[in-house]
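Novice: Residue numbers (numbering that gives the first Met the number 0), protein chains in the order written: chain A, 0 to 284; chain B, 0 to 137.
Bear in mind the hints are in silico, worked out from the structure with no lab data behind them. Treat the hints loosely; a few may be bogus.
What the hints assert, rightly or not - Straight-line distance between alpha carbons at most 25 Å, and here's what the computed DSS-like set of lysine-lysine pairs gives: (1) Lys123/A / Lys102/A; (2) Lys208/A / Lys61/A; (3) Lys251/A / Lys270/A; (4) Lys77/B / Lys14/A; (5) Lys19/B / Lys208/A; (6) Lys110/B / Lys39/A; (7) Lys262/A / Lys283/A; (8) Lys24/A / Lys61/A; (9) Lys283/A / Lys270/A; (10) Lys39/A / Lys59/B.
As the list claims (entries may be wrong) - Okay, the calculated bits of chain B under chain A, using three or more residues with CB under 8 Å as the criterion: (11) 41-53; (12) 97-106; (13) 118-125.
Computed from a predicted structure; not experimentally measured. Glycine included, each C-beta is placed from N, C-alpha and C at the ideal position.
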Amino acid sequence: MPTLRQLRDRVKSLKNTQQITRAMKMVAGARIRRAELAMKAARPYATAVGDMLRELANGGAKDHPLLQEREVRTPAVLLMTADKGLCGAFNSNLVRSALNTAKTAGPQTRLYLVGLKGRVQLRKSPYEIAEYWPLLGTPFAELGRAVARKVSDDFLAGLVDDVTLVSSRFVSTIVQRPTPVRLLPVSSGEGAVRRSPTQNSYEFEPDTKSVLAALLPKYVEFTVFQALLETQASEFAARLLAMSNATDNAGKLIDDLTLVMNKTRQAAITKEILEIVGGAEALKG
Amino acid sequence: MAASIDLDVVTPGAVKFQGKVEIVVAPGGAGDLAALPNHAPMLTTLRIGVLRATVADGEKRRIEFAVNGGFMQITPNKCVVLTDMALSAADINIEAAQADARRAAESLAQKHGADDVREREAVAWAAAQLEVARAPHV
Numbered sequence: 000m001p002t003l004r005q006l007r008d009r010v011k012s013l014k015n016t017q018q019i020t021r022a023m024k025m026v027a028g029a030r031i032r033r034a035e036l037a038m039k040a041a042r043p044y045a046t047a048v049g050d051m052l053r054e055l056a057n058g059g060a061k062d063h064p065l066l067q068e069r070e071v072r073t074p075a076v077l078l079m080t081a082d083k084g085l086c087g088a089f090n091s092n093l094v095r096s097a098l099n100t101a102k103t104a105g106p107q108t109r110l111y112l113v114g115l116k117g118r119v120q121l122r123k124s125p126y127e128i129a130e131y132w133p134l135l136g137t138p139f140a141e142l143g144r145a146v147a148r149k150v151s152d153d154f155l156a157g158l159v160d161d162v163t164l165v166s167s168r169f170v171s172t173i174v175q176r177p178t179p180v181r182l183l184p185v186s187s188g189e190g191a192v193r194r195s196p197t198q199n200s201y202e203f204e205p206d207t208k209s210v211l212a213a214l215l216p217k218y219v220e221f222t223v224f225q226a227l228l229e230t231q232a233s234e235f236a237a238r239l240l241a242m243s244n245a246t247d248n249a250g251k252l253i254d255d256l257t258l259v260m261n262k263t264r265q266a267a268i269t270k271e272i273l274e275i276v277g278g279a280e281a282l283k284g
Numbered sequence: 000m001a002a003s004i005d006l007d008v009v010t011p012g013a014v015k016f017q018g019k020v021e022i023v024v025a026p027g028g029a030g031d032l033a034a035l036p037n038h039a040p041m042l043t044t045l046r047i048g049v050l051r052a053t054v055a056d057g058e059k060r061r062i063e064f065a066v067n068g069g070f071m072q073i074t075p076n077k078c079v080v081l082t083d084m085a086l087s088a089a090d091i092n093i094e095a096a097q098a099d100a101r102r103a104a105e106s107l108a109q110k111h112g113a114d115d116v117r118e119r120e121a122v123a124w125a126a127a128q129l130e131v132a133r134a135p136h137v
């Protein structure tokens, strides 16, 4: 049986913890709204880029190094995680998904990591870490550009033959799913609409080839950018849930301990009264 | 009512403009071009420059954006401009743009014509911003 003093200290420390988790929960809640807005704002761009790529595919533009399928000798995984923990199994799930992807791809897999937690967890993995970027400190547009450029350059230089992007898809505030998507080579034929020749009369300026050459890097860049936004929104959502649970759990523990504490105190008082009464009885006798 | 065309100006961060316009004039990759309603379907790259349009709202309000490259997709009744940055006069800090223009011009001069794509782009971008802001070039 813990003493009254021990119980009191424990409740006090729990209350402090609860204060912190509650604050983190509120911060995550506020930031998730902003992250969601940013995600929504990026959606029209995604639609427009996809549209244009499809038109190009329909127009017969299929010739670009970024589209080139080749024999995969060195696969690569581009993994996005958070910089910080305390968001439940968010980072671990992403890392596990990345490891699964790498396992199927083969032991030659090179890792490109965005986010500190991924690096910490994969430092001792058998795969080579080709590059690492911290998440914080750089605006996402810039970070996305840097990551996309590095990965594309390595792909074009033949250092890697296939790049899978593992990031978190923001399904809802409750559900975030680690999702592997193939980033390179770009599969532009996807969703190409077969249309009658009369409809399919796009003109391209200066010509299909240069439009494609300009659009593809943008497409890769934007895909990375969007994945960054979704991963961040997911991180906040995961943290919101984790911290909300932590706050609730702390609350429950505090309630339980307070009950034990009160009982212990009551027991001590009862004991003292009994002693006094017992003493008085003894004196009477 | 005059015929109109839907114009969307889209950047990764936001939709900068969405509405009906009478004409769009854009700095196309193969020369400036204008799109009126019922234009033939077309997909073009954009240079760094100024995108102009006349809004079809009776007042014939003119809108201008400095765009740093990108793409434009034209169909008979819709026109989508896709760019990394589209700045209207209100978005532009004239002093900063002028400072950029000066710096860009200097570094371009130092390159003496060798591999100066980046510098040329910087100069063009600053010039486009100043044009939209109607500020004198430095």
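Novice: Are the hints correct? Go through all of them and say.
Specialist: Hint-by-hint comparison with the structure:
1. Lys123/A / Lys102/A: holds (15 Å)
2. Lys208/A / Lys61/A: holds (8 Å)
3. Lys251/A / Lys270/A: Judged against 25 Å, a Cα distance of about 29 Å means the pair is violated.
4. Lys77/B / Lys14/A: violated (59 Å)
5. Lys19/B / Lys208/A: Since the Cα atoms of Lys19/B and Lys208/A sit roughly 31 Å apart, the hinted pair is violated (cutoff 25 Å).
6. Lys110/B / Lys39/A: Judged against 25 Å, a Cα distance of about 42 Å means the pair is violated.
7. Lys262/A / Lys283/A: The hint is violated at about 31 Å.
8. Lys24/A / Lys61/A: violated (48 Å)
9. Lys283/A / Lys270/A: Holds: Lys283/A and Lys270/A sit about 20 Å apart, inside 25 Å.
10. Lys39/A / Lys59/B: violated (31 Å)
11. 41-53: Coverage by chain A holds here, the residue count being 4 at a Cβ distance below 8 Å.
12. 97-106: violated (count 0)
13. 118-125: violated (count 0)
Checked against the numbered hints above, the structure violates hints 3, 4, 5, 6, 7, 8, 10, 12, 13; every other hint is satisfied.
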